[in-house]
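Those sequence lines, one after another, are chains A and B.
All residue numbers for the first sequence refer to numbering that gives the first Met the number 0, where the first residue is 0 and numbers rise by one.
All residue numbers for the second sequence refer to numbering that gives the first Met the number 0, where the first residue is 0 and numbers rise by one.
Be aware that one or more of the hints could be misleading.
To be verified - For lysine-lysine, the following BS3-like pairs were computed, each having C-alpha atoms within a straight-line distance of at most 27 Å: (1) Lys167(B) - Lys180(B); (2) Lys67(B) - Lys36(A); (3) Lys304(A) - Lys161(B); (4) Lys48(B) - Lys150(A); (5) Lys67(B) - Lys6(B); (6) Lys210(B) - Lys150(A); (7) Lys150(A) - Lys56(B); (8) Lys180(B) - Lys151(B); (9) Lys67(B) - Lys34(A); (10) Lys173(B) - Lys151(B).
What the hints assert, rightly or not - Computed Cβ-Cβ distance ranges for the label pairs, DEER-style: (11) Glu37(B) - Lys150(A): 30 to 36 Å; (12) Arg51(B) - Tyr308(A): 42 to 48 Å; (13) Ala144(B) - Arg274(A): 43 to 49 Å.
No wet-lab data here; the hints were simulated from the structure.
Idealized CB from N, CA, C, for every residue including glycine.
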Amino acid sequence: MIWFFLLSGIFLGWSLGANDAANIFGTAVSTRMVKFKIAALIASIFVILGAVLSGAGTTETLGELGAINTMGGSFTVALASGLTVTWMTRAKLPVSTSQAIIGGILGWNWFTASPTDFGVLTEIISAWIFSPIIAALFAFILSKILSLMIKGMHIHLLRVDHLTRIALILIGAFGAYSLGANNIANVMGVFVPANPFTDIHLGEFMNFSGTQQLFLLGGCAISAGIYTYSRKVMVTVGNDLYKLTPLTALVVVLAVALVLYIFASENLQQLIVSRGLPPLPLVPVSSSQAVIGAVIGIGLSRGGKGIRYRIMGRISLGWIITPVAACLLTFILLFFVKNVFEIQVVK
Amino acid sequence: MKILFRKTRELETQIDDYLDIVERGALIFLQGVRLFFENRLDEFEVRYKDLRAMESKGDSLRRDIENKLYTHTLIPESRGDVLGLLESSDAVLNRMAKTLLNFSIENPNMSEELRPLFIDLAQSSTAAAENMVKAVRTYFRDLLAVRDLINKALFYEKESDKIAEKVKRIVFQKDAELSWKAHMRVFAHHIELIADEAEDVCDRLAIAVAKRYE
């Protein structure tokens, strides 16, 4: 039964791998700078590493918003979020797993009459708003630096091409690590309070915690999504939505990776706090929206011509529609799961 | 990745070698025209054969470069432009070889008055081709410097237009047979075409540069 409950999380993971890996390796693959086989392997390895090693921070924030304490509740929230993402993707509406899962947790809080910490909710919403803005800022700065480097260093076009390939792989690996660290909470975060796995001790110093095992499972689901479906999405992202050159893709991926990392890394947060600076919340953010922010940042670095600012309106629409839809659907599904199937959704 | 890096360096060298061939071809062409007008026809024939050999070497090198660019899917965003530049540069080399071939076969009877003008024309066209090659070479490493070289190439192209026009006017004002006049006009036109082909390369290059600035 536990494995059945985990299926909804695995489905969310598959969906994340299928859609969001394209934000990291989309242009690299569609322009044939990096072979899909290599991209999929690197993305899979580093997503799993990011999830297992650095996924705790964002998960803790989700736990603070709502500690779903039964497998039935976790299953329903993940299922409702997954269905919301699928429905909105099919309806071509702007959607993010990060926003769907928050809506799902709020729906669970509502159904079970659990209190919602509005301080945490405010932190999460501000992270959603700031993540594309920060991505735009990073992309603006990186784009200027790269442009100066290429103009100033007089490197042969073929060598630039070669270095770009290497950089796309290295930065792609960092991007995949950050994606795993930041977004694993969307996939497995709701299962953590009711985690069925127990800690495994490997020798005296190695401890593989139950949460890490859960994240490993989520990471494998993301990896399955990457291998089975992301190729198609990568080609679409590379050619249709926003046409990027390999060099601009490099800037976009680095900006997105940095954004995902700063909203996921506990070490970075500790460093910021130790310097007396205000901490950044550890929150799952949307890599797709960070990509849009980064593309706008590059556009601004080139004088701001041709930027479709309407797309910003679409992002904001996603901030509202996705959590509201997921919240409502979770509420309805919890009603059925509890009353029709008689499964416990709260302790 | 190592193989790719080796291939990249190999290709860089091959592209430079190819452009060297076009540049040397221009120098041999000019030398050939001078030798023809100095009536040193044996030496002229040697230059003509050298140019033919370079043209053939250039063709196979260009094909190899094109093949490698496609096989290793290199420079996906600029590949079309680079291939276009190499092919149109080849047209300049071919035009020079054809012009020397025409000198060799038709052995035009130039008057003393026309000889310095034809040499000037050949010099201007060659200068256009040389600056075009420099511009193409620079495109691979320093985009900002390409514009100056394109301007130089275009300047010499205009010069060759003016000189060719002058030659044609002088020829057709002369009291001579129409066949001779037509023959002189064709030779002036052939040499002028070298600069025109170089101008075509520069036009392509200007677009390729603008695309890389995007």
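Hint check results:
The suggested pairing of Lys167(B) with Lys180(B) holds, with an alpha-carbon distance near 8 Å, which does not exceed 27 Å. Between Lys67(B) and Lys36(A) the CA atoms are separated by roughly 21 Å; this keeps the pair inside 27 Å, and the hint holds. For the suggested pair Lys304(A) and Lys161(B), the alpha carbons sit about 42 Å apart, so the restraint of at most 27 Å is broken. For the hint linking Lys48(B) to Lys150(A), the alpha-carbon distance of about 41 Å lies beyond 27 Å, and the restraint is violated.
Under the criterion of a C-alpha separation no larger than 27 Å, the hint pairing Lys67(B) with Lys6(B) is consistent with the structure, at around 8 Å. Restraint check: the Cα-Cα separation between Lys210(B) and Lys150(A) comes to about 14 Å, which is no more than 27 Å; the hinted pair holds. In summary, the hint linking Lys150(A) to Lys56(B) is not supported, as the alpha carbons are separated by about 33 Å, beyond the 27 Å threshold. Annotation: proposed proximity of Lys180(B) to Lys151(B) is violated, straight-line Cα distance about 31 Å (limit 27 Å).
Restraint check: the Cα-Cα separation between Lys67(B) and Lys34(A) comes to about 17 Å, which is no more than 27 Å; the hinted pair holds. At roughly 34 Å between alpha-carbon atoms, Lys173(B) and Lys151(B) are farther apart than 27 Å, so this suggested pair is violated. Between Glu37(B) and Lys150(A) the Cβ separation comes to about 47 Å, which falls outside the hinted range of 30 to 36 Å. A C-beta distance of roughly 60 Å is found between Arg51(B) and Tyr308(A), which places it outside the suggested range of 42 to 48 Å.
Between Ala144(B) and Arg274(A) the beta carbon distance is about 44 Å. The supplied range of 43 to 49 Å therefore holds.
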